[in-house]
Amino acid sequence: MALDLKEMFSDFKNGLWAENPIIRLVIGMCPTLAVTNTTENGLAMGLATSFVLISSEIVISLIKKLIPANVRIPSYILIIATFVTFVDYFLKAFYPGIAESLSIFVPLIVVNCLILGRQEAFASQHSTPRAIADGVGMGLGFTWVLVLLGAIREFFGMGSIFGLTLLGEWYRPMVIMVLPAGAFITLGILVGIMNYISREGK
Amino acid sequence: MEEFTQILLLFISTVLINNFILVRFLGICPFLGVSKQVETAFSMGLATTFVMTLTAAATWLINTFILEALNLPFLQYVSFIIVIASLVQFVEMFIKKTSPVLYKALGIFLPLITTNCAILGLALLIPLNGYSFIASVVFGFGAGVGFTLAIVLMAGLREKLEFGDVPGVLKGVPVTLIIAGIMAMAFMGFSGLISM
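If you read the sequences in order, they're chains A and B.
Adding 27 to a residue's 1-based position in the first sequence gives its number in my numbering.
Adding 2 to a residue's 1-based position in the second sequence gives its number in my numbering.
Among the hints, erroneous ones may be present.
Said to hold, decoys possible - Here are the simulated lysine-lysine pairs, DSBU-like style, with alpha carbons at most 35 Å apart:
no.: 1; chain 1: B; residue 1: 162; chain 2: B; residue 2: 38
no.: 2; chain 1: B; residue 1: 38; chain 2: A; residue 2: 40
no.: 3; chain 1: A; residue 1: 91; chain 2: B; residue 2: 99
no.: 4; chain 1: A; residue 1: 119; chain 2: A; residue 2: 91
no.: 5; chain 1: A; residue 1: 40; chain 2: A; residue 2: 91
no.: 6; chain 1: B; residue 1: 99; chain 2: B; residue 2: 38
no.: 7; chain 1: A; residue 1: 92; chain 2: A; residue 2: 40
no.: 8; chain 1: B; residue 1: 162; chain 2: B; residue 2: 106
no.: 9; chain 1: A; residue 1: 119; chain 2: A; residue 2: 33
no.: 10; chain 1: A; residue 1: 33; chain 2: A; residue 2: 91
no.: 11; chain 1: A; residue 1: 91; chain 2: B; residue 2: 106
no.: 12; chain 1: A; residue 1: 91; chain 2: B; residue 2: 162
no.: 13; chain 1: B; residue 1: 38; chain 2: B; residue 2: 106
no.: 14; chain 1: B; residue 1: 38; chain 2: B; residue 2: 173
no.: 15; chain 1: B; residue 1: 173; chain 2: B; residue 2: 162
no.: 16; chain 1: B; residue 1: 173; chain 2: A; residue 2: 40
no.: 17; chain 1: B; residue 1: 173; chain 2: B; residue 2: 99
no.: 18; chain 1: B; residue 1: 162; chain 2: A; residue 2: 92
To be verified - A short list of chain B residues far from chain A (calculated; beta carbon distances all over 10 Å):
no.: 19; residue: 29
no.: 20; residue: 64
no.: 21; residue: 87
no.: 22; residue: 187
What the hints assert, rightly or not - So the derived label-pair ranges between C-beta atoms look like this:
no.: 23; chain 1: A; residue 1: 199; chain 2: B; residue 2: 100; range: 56 to 62 Å
no.: 24; chain 1: A; residue 1: 201; chain 2: B; residue 2: 191; range: 17 to 23 Å
no.: 25; chain 1: B; residue 1: 68; chain 2: A; residue 2: 37; range: 22 to 28 Å
no.: 26; chain 1: A; residue 1: 226; chain 2: B; residue 2: 190; range: 46 to 52 Å
For the record, the hints were derived by calculation from the structure and aren't laboratory data.
All residues carry an ideal CB built from backbone N, CA and C; glycine is no exception.
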């Protein structure tokens, strides 16, 4: 099994922009909208999801030949659920504040279509090193959109980023931005802008 | 009587105030994916409501009599997802046998319900809120009705939007998200309806 660095790099790059899970593939929307009311939550969710994605891609690409095709989906879900339980207990033990604000969206990583989708589309067909590259790329692609979305919503909704107040007393926060309605509208506009940028580039 | 009022309030608040899609952000994938036509959206809503009600009952029983009784909370996620997956499979076989017409109408949506995060979210919210068995079933049914309401409304709007003049870059997902945002704002109006 020769390591093809060029191939790995293109797998990695793929997730960042060309096949970005949120902007291009529009999967994994529930956590994207729900937990991005602050930058910190967006980052934590992105990292937690990336960890689960990368670990399960490693395991599944290693044992892909042992899993019978008929029961592959339940097997993938079981592997994913195990890693999610791990992340959930880790967050509860070391970062109780974050675990509290992400609430049920940590366990819901199990049914994030991004993770199951990558196992089915990538890890089950490629070698482990390439699966790692894919997992890291997709994970980062997911995380940066979440952080950006969280930053925009926190900035307009509370006048701060990462909890640091940037706008002074004079700023009257747009509360709508941290409420559900703001999540939908911000993401809608963001995807529109990204579409515009990638169209200009062509 | 007192209990009945409580249950009714729980139902209304699950459907309108804490709408699964627009307020809790659960089940966004089918909401964006299967909301192009009113008819399919309604079928999807129907199937989801059915599975949600059953899931609420099944996971309550498992959580109370197996996981809590044996002190195995760390198996919660794994066991819930297995219950949901097998429940969906079971419902699929049952409908196929008893009503082929309905089975045909639901088609591919039925198996896809397994990965709808609204279902697992529902299963996780029940122990979190400490509902009784009856309250759990009502909660599941209400969540399904709320889901159907939101997805059918969205499909109706999108059917009209086909004829609208949407700027090129906003076509498809972006404009759907913005509409969802406006719908979420409208649903915020319900929040003063009852205080629980």
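Against the 35 Å threshold, does the CA-CA distance of residue 173(B) and residue 162(B) hold or violate the hint? With Cα atoms ~14 Å apart, residue 173(B) and residue 162(B) stay inside 35 Å; holds.
Are the Cα positions of residue 162(B) and residue 106(B) separated by 35 Å at most? Since the Cα atoms of residue 162(B) and residue 106(B) sit roughly 26 Å apart, the hinted pair holds (cutoff 35 Å).
Straight-line Cα separation of residue 33(A) and residue 91(A) no greater than 35 Å? holds (23 Å)
Non-interface claim for residue 187(B), where every Cβ of chain A lies beyond 10 Å: Nearest chain A Cβ is 4 Å from residue 187(B), so the label is violated.
For residue 38(B) and residue 40(A), compute the direct alpha-carbon distance and say whether it is at most 35 Å. holds (32 Å)
Restraint check for residue 91(A) with residue 162(B), where alpha carbons must lie at most 35 Å apart: violated (46 Å)
Pair hint residue 38(B) and residue 106(B), alpha-carbon separation not exceeding 35 Å: holds (18 Å)
Quickly compare the C-alpha distance for residue 91(A) and residue 99(B) to 35 Å and report which way the hint goes. Cα-Cα ~34 Å, so holds.
Beta-carbon spacing of residue 226(A) to residue 190(B) - inside the hinted bounds 46 to 52 Å or not: About 34 Å separates the Cβ atoms of residue 226(A) and residue 190(B), which means 46 to 52 Å is violated.
Residue 38(B) paired with residue 173(B) [C-alpha distance capped at 35 Å]: holds (13 Å)
For the pair supplied as a hint, residue 40(A) and residue 91(A), confirm whether the alpha-carbon distance does not exceed 35 Å. holds (24 Å)
So the hint says 56 to 62 Å: do the beta-carbon atoms of residue 199(A) and residue 100(B) match that? holds (59 Å)
The structure shown violates the earlier hints numbered 9, 12, 17, 18, 19, 21, 22, 25 and 26.
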